[in-house]
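Take these sequences, add in the hints, and give me the full structure.
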Amino acid sequence: MKAISRRSAIGVIVAGLVLSSAACGGSAGQMQQGQPLVIDDETIATAELVDAASQEGALTVYTAVNEATTKAMNDAFTEDTGIPVEYIRSPSGRLYERIKSEMGAGNFPADVVAIGDPSLVVDLDKSGLFTPHQVPSDAELDQQYKSKNGTYYTYASSPTVLAYNTEAYQGTPPTSWAQLVDGNGQNRFGLVQASASAGGWRLALFMREKLGNGSDSYWRSLAATKPLLDTSTGSLTEKLARGEIAIAAARPPEIAEAQKDGAPVELIWPTDGTPVHGVYMGVTAKAPHPNAAKLYANWVMSKRGQTVQAQFGADYAVRDGVENPTINDKPAPALTDLQPNFVPDEVSIERRDLWVPEWNKVFGVSG
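Mapped onto our numbering, the consecutive letters of the sequence shown carry residue numbers 198 to 564.
Honestly, the hints are just simulated from the structure, not real lab data. For each residue, glycine too, the CB sits at the ideal point set by N, CA and C. It cannot be assumed that every hint is accurate.
What the hints assert, rightly or not - Distance ranges between label pairs, derived from CB positions:
#, residue 1, residue 2, range
1, SER412, ALA336, 41 to 49 Å
2, ALA421, ASP534, 25 to 33 Å
3, GLY254, GLY347, 20 to 28 Å
What the hints assert, rightly or not - Restricting the straight-line Cα-Cα distance to at most 30 Å, the calculated cross-link-like pairs of lysine-lysine (DSSO-like) are:
#, residue 1, residue 2
4, LYS297, LYS558
5, LYS457, LYS527
6, LYS297, LYS323
7, LYS343, LYS297
8, LYS407, LYS423
9, LYS558, LYS423
10, LYS483, LYS345
11, LYS558, LYS407
12, LYS297, LYS483
13, LYS436, LYS558
What follows is the structure, encoded as structure tokens:
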């Protein structure tokens with residue numbers, strides 16, 4: 198099991214946010230038995246839940262969310278509650294396989310699962326992974342962010358945009374997805390396979406529906422440029438940072454971390470739209486630490502948790518009143534300015550089974 202480790206920079210930032218919350222009248226970092234947990238005038242947990250979670254004193258999370266966001270949120274949760282977090286992090290597809298295998302063996306240690314693919318979360322829900330739990334902020338959330346049976350929430354909106362290596366890219370970088378297929382072949386493009394992750398699939402769906410007007414024409418034009426195909430956003434970002442590719446479909450959190458590490462990479466916010474997928478989270482039905490799990494879910498969906506994931510994870514919050522992400526001190530555009538392309542979960546699931554094999558054929562991916 199991988200225990201959380203803190204980067205000093207993130208620890209300083211999160212500690213600063215804790216102090217800021219406390220100064221605003223909250224009780225960040227001061228959870229006490231017999232008292233409700235209140236941060237910035239929002240009750241996150243009752244005294245009864247605080248006592249029960251404190252007695253359990255531990256939490257295990259399985260997540261497909263990027264490392265930077267995971268660390269920042271777990272650090273802040275521990276600062277606020279005193280409860281340490283252990284976690285396993287893996288891309289959605291591999292995490293799904295691990296969960297199914299451990300459930301089948303009757304040995305599943307996770308208290309909370311966070312995953313970014315609607316088809317996978319729906320299947321896991323049907324298999325009995327999650328238990329119903331209503332967070333205190335439920336009434337503040339739009340219906341689209343709640344599962345129909347109350348077993349999980351969408352807690353972040355994750356865009357896929359473009360990024361380029363400023364030292365490797367030759368010429369003027371594109372400002373739109375459409376320009377990727379206009380030539381300039383010396384600048385190799387990279388993207389995640391449609392079957393490999395939620396972001397990879399949502400990008401493929403966006404390219405077909407929006408850029409190809411419902412046909413595979415854009416897929417074919419892009420495939421003709423012989424892009425590099427990868428199985429994870431993290432691995433793809435590493436290749437971009439090293440200059441093995443000049444431009445890539447990217448997610449702001451990974452690019453933000455690469456910039457912190459000194460990589461010459463910059464984001465491009467495409468002018469012709471942005472595919473966006475949700476990140477889902479639920480309390481597991483057989484959680485070893487069920488009260489700590491409920492406390493964590495409550496915290497993630499609070500303004501405090503939403504602020505941490507937006508400011509230090511670079512994804513967009515689903516709660517109103519939370520500021521847009523800040524990426525290394527640069528404010529990200531408002532989500533509405535990105536022309537976000539949302540697709541209902543049921544539509545995404547239905548089309549994925551039909552179109553991923555077609556995408557694989559067009560791009561020459563076996564399996």
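Cross-check of the supplied hints:
About 42 Å separates the C-beta atoms of SER412 and ALA336, a value consistent with the hinted range of 41 to 49 Å. For the pair ALA421 and ASP534, the supplied restraint of 25 to 33 Å holds, since their beta-carbon distance comes to about 31 Å. The given range of 20 to 28 Å is respected by GLY254 and GLY347, whose C-beta atoms sit roughly 27 Å from each other. Only pairs whose Cα atoms come within 30 Å are accepted, and LYS297 paired with LYS558 is accepted, the gap being roughly 28 Å.
Note on LYS457 and LYS527: the hinted pairing holds, with a Cα-Cα distance of about 13 Å set against a maximum of 30 Å. This hinted pair checks out: LYS297 and LYS323 have alpha carbons roughly 12 Å apart, not beyond 30 Å. Between LYS343 and LYS297, the direct Cα distance comes to roughly 23 Å. Compliance with the 30 Å bound is thereby established for this hinted pair. Of the pairs offered as hints, the one joining LYS407 and LYS423 holds, with about 21 Å between alpha carbons and a cut-off of 30 Å not exceeded.
The straight-line distance between the Cα atoms of LYS558 and LYS423 is roughly 13 Å, inside the 30 Å bound, and the hint therefore holds. Straight-line distance between C-alpha atoms of LYS483 and LYS345 comes to about 20 Å, which keeps the hinted pair within the 30 Å bound. Straight-line distance between C-alpha atoms of LYS558 and LYS407 comes to about 20 Å, which keeps the hinted pair within the 30 Å bound. With a C-alpha separation of about 14 Å, the suggested pairing of LYS297 with LYS483 holds against the 30 Å cut-off.
A distance of roughly 24 Å separates the Cα atoms of LYS436 and LYS558; the hinted pair therefore holds under the 30 Å criterion.
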